[in-house]
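Colleague: The lines below spell out each chain.
2 protein chains.
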Amino acid sequence: MTQSRPAVHPVDPPPLTAAAPPRVRLKDVQGMPGTGGGLVLRLLQFIFAVISLSVMATTSDFSSVTAFCYLVAAVGLQSLWSLILAIADIYALLVKRSFRNTVAVSIFTIGDGITSTVTFAAACASAGITVLIGNDLHYCNLNPCSRFMAATAMAFLSWFAASPSFILNFWSFASE
Amino acid sequence: MTQSRPAVHPVDPPPLTAAAPPRVRLKDVQGMPGTGGGLVLRLLQFIFAVISLSVMATTSDFSSVTAFCYLVAAVGLQSLWSLILAIADIYALLVKRSFRNTVAVSIFTIGDGITSTVTFAAACASAGITVLIGNDLHYCNLNPCSRFMAATAMAFLSWFAASPSFILNFWSFASE
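If you read the sequences in order, they're chains W and P. Once you know that position 3 of the first sequence is 3 in the UniProt record's numbering, the rest is easy, because the numbers rise by one and skip nothing. Once you know that position 13 of the second sequence is 13 in the UniProt record's numbering, the rest is easy, because the numbers rise by one and skip nothing.
It should be emphasised that the hints constitute simulated quantities derived from the structure, not laboratory data. Note that the structure is predicted; figures quoted are calculated from it, not measured. One should not assume that every hint holds.
[Said to hold, decoys possible] Here's a subset of chain P near chain W, in silico, CB distances under 10 Å, partners left out:
hint : residue
1    : Val65
2    : Ala122
3    : Ile167
Note that the Cβ used here is the ideal one computed from N, Cα and C, for glycine as well.
With the hints as extra help, turn the sequences into a complete structure.
Modeller: Structural data, given as structure tokens:
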């Protein structure tokens, strides 16, 4: 029992497998719902859609052209949708939370896809008719061409502001 | 020197950290580039775009309307793009590989986004003018309305076939 004690200094075992690294997620890119950039995009969509709606609705004879009626309906839908999501963004900013659950992001993505497609289709149809009246037939003395052009341009701007929202939402949904 | 040798049986160290688990990837969903479904989508886009192009280009007076010229250019671009990607799909199917590198998928996504947006815009503009001529002004006795409608409908069908390609490519790109 007086044997020397073994003088082995075992190497510390390597640490156990660390927890799996957290999934890489897109950070809160400005422009996503619940961020300041997202709110700015929503407000731009809303403002451009409302300007387009009011300019087109105050022309005297928009109701005689199907595409212009469709434009009024489309930018009306776009302005409603953008207003609702702007309110949701303001709420999210006030409580300092961001929308991180899949159901909300999927609803936002689908809604953004539908409204931006409808707005873009209406803007294209109006642009086709405005160019037909103005450039091809030269009827601008009979029609308020400048108002048609302004309403169409505002609808396109609303769509431009809606596209980043849709793409960022879709990206965030796909990378969940 | 006759002391007993230490009889330590060290515990095997735990295995080193296993390789990180492979990233979860969307499997080869039918419709992605390099799959049979993707090839079918490309061929549908190509066929509808070519029908739209030939129907519109054989009307006598399409060149007097800007939107119809734009439709011809847009479905021409769509048919070229779809043909090139159909050939790439056929090659990928023959060598039994799928497109899995980020550069190819990003080029496909951007190209699909541009061509499908251009086709959709042209189809909407043509639809607006066709409805204006047919329903609002009742000029169908003077114009080949049925040909305009057929070309517009084919352009919309080409866009319908292009949308799944774009969405699946974008999804695959975002979840890389």
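Colleague: Given a cut of 10 Å on the nearest C-beta pair, is the interface hint for Val65 of chain P held or broken against chain W?
Modeller: holds, 6 Å
Colleague: Does the interface hint hold: is Ile167 of chain P within less than 10 Å of chain W, judged Cβ to Cβ?
Modeller: holds, 8 Å
Colleague: Taking the least C-beta to C-beta distance, is Ala122 of chain P closer than 10 Å to chain W?
Modeller: holds, 8 Å
Hint compliance for this structure: no hint is broken.
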